[in-house]
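Chain order of the listed sequences is A and B. Under the numbering used here, residue 99 is the last one in the first sequence; the count climbs by one each step, no gaps. Under the numbering used here, residue 99 is the last one in the second sequence; the count climbs by one each step, no gaps.
The hints are simulated quantities; they were obtained by calculation from the structure and are not laboratory data. Values in this document were obtained by computation on a predicted structure and should not be read as measured data. Built from N, CA and C at the ideal position, the CB exists for glycine as well. One thing to keep in mind: the hints can contain errors.
[Claimed, not checked] One-sided and incomplete, this derived list gives chain A residues near chain B with beta-carbon spacing under 8 Å: (1) Val5; (2) Tyr69; (3) Ala91; (4) Gln94.
There are 2 protein chains.
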Amino acid sequence: MFRHVVMFKFVYTVTAEQKLAVLEGLSRLPNEIGQIRSFSFGEDARVVDGNYDVVVVADFDSSDDYLVYASHPGHREFVSTCVLPFLASRAAVQYAASE
Amino acid sequence: MFRHVVMFKFVYTVTAEQKLAVLEGLSRLPNEIGQIRSFSFGEDARVVDGNYDVVVVADFDSSDDYLVYASHPGHREFVSTCVLPFLASRAAVQYAASE
């Protein structure tokens, strides 16, 4: 299994509506992109300080399937519309995860 | 389920041995800390550029169990010995994940 993990930190001026649009956009991706095997995401629980705002944990059968996801028009539109305009920092790792 | 996701980016001078010690230290944590329900980690696959180096995805029954983990002596020693001396950046999110 090939796992993609990405975190977003938003600019201070981001609104609740803009953050909600990120979460709603993420919720639509598994229906649009068949290569996604499993998909989990969430907003930081604010249990500790200094965290990023949102994390996505997405599993694929292979790195090739991840790359299809990364370049998929539905994913690209989501990123350019919902994420990039409000993005302060991004952190990502992809790794070979056990089943 | 309460999920903790953290990424580390190491300084440019980190050695292969020092990175291996991080992975070995992570592999020991589930045996030392009973609150961990599931634990996955890995080194970045280098499929794309600009990523962090290592990610950890750890699941707990509750945020309280995560906080026990975070302050557990075994975890603290691992972080202070294996991670902090070589850490360039850290990114983390905790969130309520579905089962």
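Here's how the hints hold up against the structure:
1. Hint status for A:Val5 relative to chain B: holds, with the closest Cβ pair at about 5 Å, below 8 Å.
2. The closest approach between the C-beta of A:Tyr69 and any C-beta of chain B is roughly 12 Å, which is over the 8 Å cut-off, so the hint fails.
3. Given the 8 Å rule on beta carbons, the hint for A:Ala91 holds: about 4 Å separates it from the nearest Cβ of chain B.
4. For A:Gln94, the suggested interface contact is upheld, since its CB lies about 5 Å from the closest CB of chain B, less than 8 Å.
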